[in-house]
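Please model the complete structure; the sequences and the hints are all you need to start from.
Residue numbers (this note's numbering), protein chains in the order written: chain X, 1 to 462; chain E, 1 to 462.
Take the hints with a grain of salt, since some may be wrong.
Intra- or inter-copy, both count: the list cannot distinguish identical chains.
In the PhoX-like style, the derived pairs of lysine-lysine whose C-alpha atoms are separated by at most 25 angstroms in a straight line are [said to hold, decoys possible]:
1. K9 x K24
2. K357 x K278
3. K357 x K279
4. K76 x K111
5. K278 x K362
6. K394 x K357
7. K362 x K279
8. K348 x K255
9. K12 x K109
10. K416 x K279
Keep in mind the hints are simulated off the structure, nothing from the lab.
Protein chains: 2
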Amino acid sequence: MNNIQSYIKENKERFLNELIELLKIPSISADSAYRNDVLKTAEAIKVSLEEAGCDIVEICKTDGYPVVYGEKIIDKNLPTILVYGHYDVQPPDPLDLWNSPPFEPIIKKTKSHPEGAIYARGACDDKGQMYMHVKAMEFMTSTNQLPCNVKFMIEGEEEVGSANLATFVKNNQDKLKNDVILISDTGMIAQDVPSITTGLRGLSYVEVEVTGPNRDLHSGLYGGAVANPINVLTKMIASLHDENNHITIPGFYDKVEELSKEERAEMAKAPFNLDHYKKALDINDIYGETGYTTNERNSIRPTLDVNGIWGGYTGEGAKTVIASKAYAKISMRLVPHQDWEDITQLFKNHFESIAPKGVTIKVKPHHGGQGYVTPINSIGYQAASKAYQDTFGKTPIPQRSGGSIPIVSLFEQELKSKTILMGFGLDSDAIHSPNEHFGIFNYLKGIETIPLFYKYFTELSK
Amino acid sequence: MNNIQSYIKENKERFLNELIELLKIPSISADSAYRNDVLKTAEAIKVSLEEAGCDIVEICKTDGYPVVYGEKIIDKNLPTILVYGHYDVQPPDPLDLWNSPPFEPIIKKTKSHPEGAIYARGACDDKGQMYMHVKAMEFMTSTNQLPCNVKFMIEGEEEVGSANLATFVKNNQDKLKNDVILISDTGMIAQDVPSITTGLRGLSYVEVEVTGPNRDLHSGLYGGAVANPINVLTKMIASLHDENNHITIPGFYDKVEELSKEERAEMAKAPFNLDHYKKALDINDIYGETGYTTNERNSIRPTLDVNGIWGGYTGEGAKTVIASKAYAKISMRLVPHQDWEDITQLFKNHFESIAPKGVTIKVKPHHGGQGYVTPINSIGYQAASKAYQDTFGKTPIPQRSGGSIPIVSLFEQELKSKTILMGFGLDSDAIHSPNEHFGIFNYLKGIETIPLFYKYFTELSK
Numbered sequence: 001m002n003n004i005q006s007y008i009k010e011n012k013e014r015f016l017n018e019l020i021e022l023l024k025i026p027s028i029s030a031d032s033a034y035r036n037d038v039l040k041t042a043e044a045i046k047v048s049l050e051e052a053g054c055d056i057v058e059i060c061k062t063d064g065y066p067v068v069y070g071e072k073i074i075d076k077n078l079p080t081i082l083v084y085g086h087y088d089v090q091p092p093d094p095l096d097l098w099n100s101p102p103f104e105p106i107i108k109k110t111k112s113h114p115e116g117a118i119y120a121r122g123a124c125d126d127k128g129q130m131y132m133h134v135k136a137m138e139f140m141t142s143t144n145q146l147p148c149n150v151k152f153m154i155e156g157e158e159e160v161g162s163a164n165l166a167t168f169v170k171n172n173q174d175k176l177k178n179d180v181i182l183i184s185d186t187g188m189i190a191q192d193v194p195s196i197t198t199g200l201r202g203l204s205y206v207e208v209e210v211t212g213p214n215r216d217l218h219s220g221l222y223g224g225a226v227a228n229p230i231n232v233l234t235k236m237i238a239s240l241h242d243e244n245n246h247i248t249i250p251g252f253y254d255k256v257e258e259l260s261k262e263e264r265a266e267m268a269k270a271p272f273n274l275d276h277y278k279k280a281l282d283i284n285d286i287y288g289e290t291g292y293t294t295n296e297r298n299s300i301r302p303t304l305d306v307n308g309i310w311g312g313y314t315g316e317g318a319k320t321v322i323a324s325k326a327y328a329k330i331s332m333r334l335v336p337h338q339d340w341e342d343i344t345q346l347f348k349n350h351f352e353s354i355a356p357k358g359v360t361i362k363v364k365p366h367h368g369g370q371g372y373v374t375p376i377n378s379i380g381y382q383a384a385s386k387a388y389q390d391t392f393g394k395t396p397i398p399q400r401s402g403g404s405i406p407i408v409s410l411f412e413q414e415l416k417s418k419t420i421l422m423g424f425g426l427d428s429d430a431i432h433s434p435n436e437h438f439g440i441f442n443y444l445k446g447i448e449t450i451p452l453f454y455k456y457f458t459e460l461s462k
Numbered sequence: 001m002n003n004i005q006s007y008i009k010e011n012k013e014r015f016l017n018e019l020i021e022l023l024k025i026p027s028i029s030a031d032s033a034y035r036n037d038v039l040k041t042a043e044a045i046k047v048s049l050e051e052a053g054c055d056i057v058e059i060c061k062t063d064g065y066p067v068v069y070g071e072k073i074i075d076k077n078l079p080t081i082l083v084y085g086h087y088d089v090q091p092p093d094p095l096d097l098w099n100s101p102p103f104e105p106i107i108k109k110t111k112s113h114p115e116g117a118i119y120a121r122g123a124c125d126d127k128g129q130m131y132m133h134v135k136a137m138e139f140m141t142s143t144n145q146l147p148c149n150v151k152f153m154i155e156g157e158e159e160v161g162s163a164n165l166a167t168f169v170k171n172n173q174d175k176l177k178n179d180v181i182l183i184s185d186t187g188m189i190a191q192d193v194p195s196i197t198t199g200l201r202g203l204s205y206v207e208v209e210v211t212g213p214n215r216d217l218h219s220g221l222y223g224g225a226v227a228n229p230i231n232v233l234t235k236m237i238a239s240l241h242d243e244n245n246h247i248t249i250p251g252f253y254d255k256v257e258e259l260s261k262e263e264r265a266e267m268a269k270a271p272f273n274l275d276h277y278k279k280a281l282d283i284n285d286i287y288g289e290t291g292y293t294t295n296e297r298n299s300i301r302p303t304l305d306v307n308g309i310w311g312g313y314t315g316e317g318a319k320t321v322i323a324s325k326a327y328a329k330i331s332m333r334l335v336p337h338q339d340w341e342d343i344t345q346l347f348k349n350h351f352e353s354i355a356p357k358g359v360t361i362k363v364k365p366h367h368g369g370q371g372y373v374t375p376i377n378s379i380g381y382q383a384a385s386k387a388y389q390d391t392f393g394k395t396p397i398p399q400r401s402g403g404s405i406p407i408v409s410l411f412e413q414e415l416k417s418k419t420i421l422m423g424f425g426l427d428s429d430a431i432h433s434p435n436e437h438f439g440i441f442n443y444l445k446g447i448e449t450i451p452l453f454y455k456y457f458t459e460l461s462k
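What follows is the structure in structure tokens.
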């Protein structure tokens, strides 16, 4: 690819400003109050794909938020790359922990981002990383260097489980036909340690409701005599882990892939500094499943975490009440071979079975997805590896991520093609947290690396 | 007392309308947003005491909300009754469970209140029961039948632990000097089963905070590798009860008064129907400490209940986050001889000691109070018993209540006098809950019974 660095240099300000405009729209898919903003974001993506040189761009209706589809087919005999990304973002709460408003992007220099980073919800996950592909496309089309066919599928429901994407993919297999799927929605180890994500965890997300008495009760008159839904919920949740932090749901580990000594030794080579890790989080110690390292706990092992809990009086002051109901949102990260629907059912059966008399339980599955592993000997992985070597001057490290992109395994199943996860964010970019940000270095490095993937993938496919 | 029934009959509508006006003011002491309403309520109480015939009425400043004091001294040689009540109310949340707005009182007929009940926050606890004493006073003064001296002490911080009342009482011992204290802030067993509360539980109310990582984290990237404050909080709270629902805090039971077989047999005589109890609460079973009956569990045994819990994402939809912090409000009901400050310290020490590495704990004591027992052979109890016999035609049953009125033991300590708890509410009146109400029968029965207590107490004191 000729002149890519100079092209980026000349257009840097515009690339930043275009992303900043996109980040100003609060496309929170989890909260229906933002419906119009989510739809407005889809429109903006459509326009940006047209300007980037796509011949066809469509906003495709679904039962939820639409999928923005774009394509440029230059030669049916050349390979086709399908780019996936999402234009929706996580809710910004807790708002009071943001140093600047989540939808008023600002650029700040930080220790890990000396060249500056854009602070805004969605900066890294995934508007910033998705938009790298739009700008890479612009470069290739405007300089007549597009080496193959391209398709874009940018959805608006990733943060709420891509509920309608499965149907869209199933109904559009020809339209989405491709030779490799390219996604930037993961991270890399460090600015000078590029990595490619080769594994993702699956996910099962449920909401539970414990109901005791039919109304809130005075804790003096009834305390000790009736089941307190909050006390019961804490007991039930606590029982889901044993003293070694193994999950106690019967059958939960049955299909878990056990890695060999060799594979675990290979993983252990990834740079990791426990003191830095603890310091970065202000924790005095790590915590997790006995017998596994931190890197293993958050990548090759399944987990169960409460993501939210609420019940009773949570306002100012004191209220001596026994709540009628208590709630929790619970998610389980799954590893390859664990089927998320089986696990959801196992959780439901177990959770209902451990409820004491005096309360009734509701378990409402939210959404989920399968885990995924991509082989490093594939053409796609090789092309990505060469691209990073050109732009970073080093071979990227293959890395298992603890995160989940539920639709990746769906793509393989429905479209019969592998996904390459070229992530340019850092773990410290605080995605899903207050003060999410994305490094300018990372943003531009992505725009520079992506066209090289196109080049090498086309060459290796010959 | 002559003509009391006819007086009540003639003035019934006015008695109801005056109470309804008082209930319209949202005097929520726990929420500073209602500060002006709480103060406005104090003014209204002052006016009502003046109109009821008090010679002196003052609004006495404290470091919190004021105490309304009133008195009528007719003869220094006659006994003096001190009436205590409170004009503040509990927060009304959850608002969506109210069938009518909590501060727009309406009268509805129900199964347990065929003559109608007033629905509003504070209707029973304690505006309605406190106002019975004001109207009883009005009757006695306007018909020249007041048999002794009266003092009123109506506070505005009972629902938040009467933080400033102790100082007020200590600083005004002469002003508050009395022979017996009379309070209506408890309940009776049933419309046709009058009862007098002879025991109250103490209270220790604390708020706990568990802090893990310094920011909310992505549950995929960090799940399983760091302590999740919500998971940890549930484990810690769950561990506070053993499999028999005994509280596990070391030393918690050391000073608990163990009742004799005989005393427990006496208690067991109080009418109780388990099926009705379960049906009234829509629960399929009761729950509590092994080895004790329902009536014992909520009266003579101490308890530990979570009154509120919150942390992480509690909004619509799903957010895969590990929260930085999790919180709970926890209250312990105590029995006679358990010192609330000792218990608060025991809780704090224990809760901090069971925190795992990887989190930090804060325990913030909110407030508390001692338990109390009144002897049934006292003049005060005898006078109350005779009053109920006149108006209900039966001897009231002495009853231990599970509730707490922290200042009762303070009164005994500082003012050296016993408290008589003449409660006219029903357990089903939903105090502290949505749709709190107070029966018109109960309201008028209270106004009718109270003057007779004055009469008999004065006679028995000779």
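* Are there hints from earlier that the structure breaks, and if so, what are their numbers? -> 4, 6 and 10
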